[in-house]
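4 protein chains.
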Amino acid sequence: MPQGRSPRTEIASSAADPGTGRIDSLIELRDALRRFAAERDWQQFHTPKNLAIALSVEASELLEHFQWLSDAESQSLDATQLARVRDEIADVLLYLVLLADRLDVDLLAAARDKLALNAKKYPADKSRGSSRKYTDL
Amino acid sequence: MPQGRSPRTEIASSAADPGTGRIDSLIELRDALRRFAAERDWQQFHTPKNLAIALSVEASELLEHFQWLSDAESQSLDATQLARVRDEIADVLLYLVLLADRLDVDLLAAARDKLALNAKKYPADKSRGSSRKYTDL
Amino acid sequence: MPQGRSPRTEIASSAADPGTGRIDSLIELRDALRRFAAERDWQQFHTPKNLAIALSVEASELLEHFQWLSDAESQSLDATQLARVRDEIADVLLYLVLLADRLDVDLLAAARDKLALNAKKYPADKSRGSSRKYTDL
Amino acid sequence: MPQGRSPRTEIASSAADPGTGRIDSLIELRDALRRFAAERDWQQFHTPKNLAIALSVEASELLEHFQWLSDAESQSLDATQLARVRDEIADVLLYLVLLADRLDVDLLAAARDKLALNAKKYPADKSRGSSRKYTDL
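Protein chains in written order, with our numbering: chain X, 1 to 137; chain B, 1 to 137; chain F, 1 to 137; chain D, 1 to 137.
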């Protein structure tokens, strides 16, 4: 953040901030993350292997918030817990977008394909109400 | 996939598939996942705690593909490896969207907020070329 | 395992196996793993970073067996489930011993120290019946 | 630790500590953990599912220390890094012992069986110098 700017200016320029900018889609999020990494010369650390590690670590930090909660408690988080969980969810998404970008994977296309595959593996009539893996259906 | 269908027909029917439908945004992906779970009566398993576990497990399955690769090898996956990795990336996204939906978290808003926070924690001029945690900067 | 062998014979032949040998302690397990890796020239892959990844991946494979189970179900695994879980538990221990060996960490000494630390962080009278983190006590 | 005690005294008093006691084997560690949990009435949280989550979370905290390190850097941790890593290694072992105890799994017997299985899956002559999964050998 350039020195000498007033907080107000920062907020106003936030929309135009090259580091964040408008983010209303996965594409815009990807572009913001590209700029963020480039400005810090962090691409050197962002090998697919390292990003996959970071993603896994963040997913575990998210899980940590639930580890001693009952299923019922996990459904009624208080505001503090929810804010922490939201923060970890964001971290998972950031690394997922960075990794997908690094591998030239279109996230939504990959999700579409996987959902279509799952629809075949888990036919609604055979898997209704069952948590068994499809190989056990 | 039923035999004898032309690829064109498949695409057309895929777009009309009530289980998947058009998915061009995170919102549409969320809606498709809602339908998918409802048709299978799977919402009962989708407590936030269970979804956080599933997300973490999928992130590890993704990481598994990289575990014995060098950083260089992780940057030049062959087509088979990349297809498997893409599949795992999709799984992570699916569970992330399910979990965020379950907790009423707006994924893109959460990512925006986190990126803005990171911009403050890691000023470009102090963190350039360094992988140290912000507490060590 | 060839049929018709008595358990006694199996134990005897197991003891003579150069790849495994007698394993009645963590030290003997460490030594067996050293031989196993050396015979396959696998030490080159066993950097601390890679072993930490492998450990994390195996811990997630273990967790996967519980992900859709209720707490009650997780306490009454059938024989098949238990055999799979036991197998994953073993994998976690193998990688933990390999990693500790690679870093010259004495596993039991580290566990002793951590348990002593936990005894201070979680005084019995303050933490009885509570799953809160010590910082919240 | 009270100041002014000699290391020798600390060791002696540690041996008499009802919470930890002598721990020179996995069995003694298991017994110490049983006492530790019982004194805090924590067994109620220690379902196999919750312990598997905790184990996975701790394995990720261990991995976190390596996530941005090169393989070479991961082999030359400084004293501070090593102390943190040793601490996380201990956490993984503690939860592994708790989980195995909860499921009546003998850790060393499970490790022996798995090592024998691995010896068959990865014959030394076929797997020498290769990190490929046995299914790809």
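To be clear, the hints were calculated from the coordinates, so they are not data collected in a lab.
The reader is advised that the hints may include incorrect statements.
For chains that are exact copies, the list does not tell them apart, and a pair is met inside one copy or across any two.
SDA-like, lysine to any residue: derived pairs with alpha carbons at most 25 angstroms apart [as the list claims (entries may be wrong)]:
hint : residue 1 : residue 2
1    : Lys126    : Asp24
2    : Lys114    : Ile27
3    : Lys126    : Val105
4    : Lys126    : Ser25
5    : Lys120    : Asp71
6    : Lys126    : Arg35
7    : Lys126    : Leu103
8    : Lys114    : Arg102
9    : Lys120    : Glu73
This structure is a prediction, so every number in the text was calculated from the model and none was measured.
Consistency of the hints with the structure:
Taking identical chains as interchangeable, the C-alpha atoms of Lys126 and Asp24 are never at most 25 angstroms apart, the minima being 38 angstroms within one chain and 28 angstroms between chains. With identical chains, the CA atoms of Lys114 and Ile27 are at most 25 angstroms apart both within one copy (20 angstroms) and between copies (17 angstroms). For the homomeric pair Lys126 and Val105, neither the shortest alpha-carbon distance inside one copy (32 angstroms) nor that between copies (31 angstroms) is at most 25 angstroms. In this homomeric assembly, Lys126 and Ser25 never come within 25 angstroms of each other (Cα to Cα): the closest approach is 35 angstroms inside a single copy and 29 angstroms across copies.
In this assembly of identical chains, Lys120 and Asp71 lie within 25 angstroms of each other by CA distance neither inside one copy nor across copies; the values are 29 angstroms within and 30 angstroms between. In this assembly of identical chains, the alpha carbons of Lys126 and Arg35 lie at most 25 angstroms apart only when taken from different copies (16 angstroms versus 47 angstroms within one copy). In this assembly of identical chains, Lys126 and Leu103 lie within 25 angstroms of each other by CA distance neither inside one copy nor across copies; the values are 35 angstroms within and 28 angstroms between. Within a single copy, Lys114 and Arg102 get their C-alpha atoms as close as 20 angstroms, and across copies as close as 20 angstroms, so both meet the 25 angstroms cut-off.
Taking the shortest Cα distances, Lys120 and Glu73 never come within 25 angstroms of each other, neither inside one copy (34 angstroms) nor across copies (28 angstroms).
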